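Sequence lines, in order, name chains A and B.
So in the UniProt record's numbering, spot 141 of the first sequence is number 141, and the numbers just go up one at a time.
So in the UniProt record's numbering, spot 267 of the second sequence is number 267, and the numbers just go up one at a time.
Simulated from the structure, these hints should not be mistaken for lab results.
All values derive from a computational prediction rather than experimental measurement.
There may be inaccurate statements among the hints.
[Claimed, not checked] Here are a few chain A residues that sit away from chain B, every Cβ distance over 12 Å (derived from the structure): (1) 120; (2) 184; (3) 218; (4) 275.
[Claimed, not checked] Have a look at the derived ranges for each label pair, beta carbon to beta carbon: (5) A:218 to B:45: 13 to 21 Å; (6) A:160 to B:230: 49 to 57 Å; (7) A:152 to B:93: 47 to 55 Å; (8) A:198 to B:190: 31 to 39 Å.
[Said to hold, decoys possible] Derived pair list, reagent style SDA-like, types lysine to any residue, alpha-carbon separation capped at 25 Å: (9) A:223 to B:258; (10) B:38 to A:252; (11) A:249 to B:180; (12) B:251 to B:262; (13) B:188 to A:285; (14) B:38 to A:287; (15) B:258 to B:207; (16) B:273 to B:19.
Here a beta-carbon is modelled for each residue, glycine too, at the ideal position from N, C-alpha and C.
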Amino acid sequence: MKTKKTFIPIVTLCAALFLTACTGKGAATTEKPQDSQTEASTEATGDSSTTLDDLYQQENQIFADHEDVWNKVFGMMNKSTADPSGNYADFLASTVESNKDAFTKDELNTLTTDIETIRKIEEQIAEIEKKDTTSESADANDNSGSTSPFRNFSGQDYDGNTVDESLFSGNAVTVINFWFTGCKPCVAELSKLNELNDAIKSMGGEVIGINTETFDGNETAIKEAAAVLESQGAKYRNLSIDASSDAGKYASDIMAFPTTILVDRNGNIVGDPMLGGIDNQDNYDTLMKQIQSVIDADSANK
Amino acid sequence: MDKKKKSLSQKTARIRGWIQAAATLLTNIHIPNLFKGKIYQGKAKTVCVPGLNCYSCPAATGACPIGAFQAVVGSSKFKFTYYITGFFILLGVLLGRFICGFLCPFGWFQDLLHKIPGKKFSTARLKPLRYLKYIILVVFVILLPMLMTNSIGMGDPFFCKYICPQGVLEGAIPLSIGNPAIRSALGKLFSFKCLILITVIVLSILFYRPFCKWICPLGAIYSLFNKVSLLSIRVDGSKCVGCNQCVKACKMDVDVCKTPNHPECIRCGACIKACPKDAIHYQFLGGACQQKEDSRKPQSTDNN
Numbered sequence: 001m002k003t004k005k006t007f008i009p010i011v012t013l014c015a016a017l018f019l020t021a022c023t024g025k026g027a028a029t030t031e032k033p034q035d036s037q038t039e040a041s042t043e044a045t046g047d048s049s050t051t052l053d054d055l056y057q058q059e060n061q062i063f064a065d066h067e068d069v070w071n072k073v074f075g076m077m078n079k080s081t082a083d084p085s086g087n088y089a090d091f092l093a094s095t096v097e098s099n100k101d102a103f104t105k106d107e108l109n110t111l112t113t114d115i116e117t118i119r120k121i122e123e124q125i126a127e128i129e130k131k132d133t134t135s136e137s138a139d140a141n142d143n144s145g146s147t148s149p150f151r152n153f154s155g156q157d158y159d160g161n162t163v164d165e166s167l168f169s170g171n172a173v174t175v176i177n178f179w180f181t182g183c184k185p186c187v188a189e190l191s192k193l194n195e196l197n198d199a200i201k202s203m204g205g206e207v208i209g210i211n212t213e214t215f216d217g218n219e220t221a222i223k224e225a226a227a228v229l230e231s232q233g234a235k236y237r238n239l240s241i242d243a244s245s246d247a248g249k250y251a252s253d254i255m256a257f258p259t260t261i262l263v264d265r266n267g268n269i270v271g272d273p274m275l276g277g278i279d280n281q282d283n284y285d286t287l288m289k290q291i292q293s294v295i296d297a298d299s300a301n302k
Numbered sequence: 001m002d003k004k005k006k007s008l009s010q011k012t013a014r015i016r017g018w019i020q021a022a023a024t025l026l027t028n029i030h031i032p033n034l035f036k037g038k039i040y041q042g043k044a045k046t047v048c049v050p051g052l053n054c055y056s057c058p059a060a061t062g063a064c065p066i067g068a069f070q071a072v073v074g075s076s077k078f079k080f081t082y083y084i085t086g087f088f089i090l091l092g093v094l095l096g097r098f099i100c101g102f103l104c105p106f107g108w109f110q111d112l113l114h115k116i117p118g119k120k121f122s123t124a125r126l127k128p129l130r131y132l133k134y135i136i137l138v139v140f141v142i143l144l145p146m147l148m149t150n151s152i153g154m155g156d157p158f159f160c161k162y163i164c165p166q167g168v169l170e171g172a173i174p175l176s177i178g179n180p181a182i183r184s185a186l187g188k189l190f191s192f193k194c195l196i197l198i199t200v201i202v203l204s205i206l207f208y209r210p211f212c213k214w215i216c217p218l219g220a221i222y223s224l225f226n227k228v229s230l231l232s233i234r235v236d237g238s239k240c241v242g243c244n245q246c247v248k249a250c251k252m253d254v255d256v257c258k259t260p261n262h263p264e265c266i267r268c269g270a271c272i273k274a275c276p277k278d279a280i281h282y283q284f285l286g287g288a289c290q291q292k293e294d295s296r297k298p299q300s301t302d303n304n
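Using the sequences plus the hints, can you model the full thing?
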């Protein structure tokens, strides 16, 4: 009987454990709406781009419908006078106007009606593009709203030269790799990170290593880290930061190494941190894609 | 019709489930972390816990001794770990596989699984598989991390990386639920180890503690100390009537009367509970004390 008495609480505990397991799953599902949200927003932008495509298609259709006349017009165009920022319809009209004599009356009529339709389409396009840019700038505002741990950055390289947040402003993208000396997968990717640094240098990117053992200018740790870096042929910059700084706290919270993050020109972290070494080709490709998108976004902002 | 008072040994054996629950809670004290998908990384993580309990469990209080052993042995700085070896010897000499029976969270997990009703199978015919855990200890915990190293002498924690189901159960699964970055990093290795975990779970329902018997390198280490550990099980020859109830009750396939301190004994106390004559009990500090106890014990029980 007594054993049964102990059984019952054990079974209840067991049930409780299963319940906690369920709440764990609950947590996972609560995260899902976020995913679907981002999906939804990409869908929305997808929509606008499809309507944009539609509108451009309509314009092309107009040109195709009266192919003969329009080809005549295009032949008269002077590429150097083309001004992409100006109104396309005005541009077309002026081209037609300056070469009036070359067209018959019928031709001129079709051209002017076509130009008017194009003018309307252009207005719609302008509206959609305006919306997109405002939403983009809103996103950018969101990013700057949350304080990045790399906004006020200070550190030292292993030769003792101090570095501040200008480290980031000089490049479109900075790849920060967090590692520690005793971490085998971290060491395994060092040579690949060096390759990456060479590859993105010309694109306006740089790889920075932060070894969590070298915090606060710990000299023995820096020596060990430097020796490991040299043995792996890694020549990119490694920095020692203060454990109490924002960046130091960010690094101390990392629990899986190696972790690699991307930081933009303004010191903002872009995207999610990547776990695992880039000596794995899939990881390398994913990271490269993200780097490319940060660089693209940077050049778009200029 | 006088009711016999339960001996301390019997009481201990009866509340084993509670002790296991408490030990599991103490080795995984940071419960809120389970929902955050973070692991505790404070100072206490430099200390080992006695049982097999993954360092990467979000709730874990300390480090897994088997994981720590591999990490140190496999690092380029050290060739051998005196701290953790000393820890094994200390706990082994003090408690032996009492740790498996009472303190190990993964042992408790298997105990609970075995309570799921259904057909149960005996492992008595599978005794040779017991030696597998010693092979795993030598090969995966000691030799491979020590010898399979990269150019600067760093090895992988092979047991943790390729075998340990506790790591998946406590580490990978809760972390990947709570942490999207880790979830995105899961790959084939995770699937493989999930398969191991599922196998262990299914086997645990059918057999009693298959992981402890056949796989666990930590159990293998503690088993070496079972014969000399200060905490031991003693069969009182003068009381034993040779009914063999203890042998029948033993789920670790130990012949209790002949070898009460067999390496496979996890001190679960099933034999103590089963003995109709109260001839089996735990004792701390054997040898010399045992003789005195013998002379005193009959008198004291008579007085009761």
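Results for each hint:
Against the 12 Å criterion, residue 120 of chain A stays outside the reach of chain B, whose nearest CB is about 45 Å from its own CB. Separation of residue 184 of chain A from chain B is inadequate, the least Cβ-Cβ distance of about 4 Å not exceeding the 12 Å criterion. Residue-level check passed: residue 218 of chain A sits 15 Å from the nearest beta carbon of chain B, beyond 12 Å. For residue 275 of chain A, the non-interface assignment is contradicted: its Cβ lies about 4 Å from the closest Cβ of chain B, within the 12 Å cut-off.
Under the hint 13 to 21 Å, the C-beta atoms of residue 218 of chain A and residue 45 of chain B, about 20 Å apart, fit the expected range. Residue 160 of chain A and residue 230 of chain B have their C-beta atoms about 55 Å apart, which keeps the hinted 49 to 57 Å range intact. As the Cβ distance of residue 152 of chain A to residue 93 of chain B is approximately 54 Å, the hint placing it in 47 to 55 Å holds. A hinted range of 31 to 39 Å for the beta carbons of residue 198 of chain A and residue 190 of chain B is consistent with their spacing of about 32 Å.
For a cut-off of 25 Å, the pair hint linking residue 223 of chain A to residue 258 of chain B is broken: about 59 Å separates their Cα positions. Simply put, residue 38 of chain B and residue 252 of chain A have alpha-carbon atoms about 12 Å apart, close enough for the 25 Å limit, and the pair holds. Between residue 249 of chain A and residue 180 of chain B the CA atoms are separated by roughly 20 Å; this keeps the pair inside 25 Å, and the hint holds. The straight-line distance between the Cα atoms of residue 251 of chain B and residue 262 of chain B is roughly 13 Å, inside the 25 Å bound, and the hint therefore holds.
Restraint check for residue 188 of chain B and residue 285 of chain A: the C-alpha separation of about 18 Å stays at or below 25 Å, so the hint holds. The hinted pair formed by residue 38 of chain B and residue 287 of chain A meets the criterion: a straight-line CA distance of about 24 Å does not exceed 25 Å. The straight-line distance between the Cα atoms of residue 258 of chain B and residue 207 of chain B is roughly 24 Å, inside the 25 Å bound, and the hint therefore holds. The suggested pairing of residue 273 of chain B with residue 19 of chain B holds, with an alpha-carbon distance near 16 Å, which does not exceed 25 Å.
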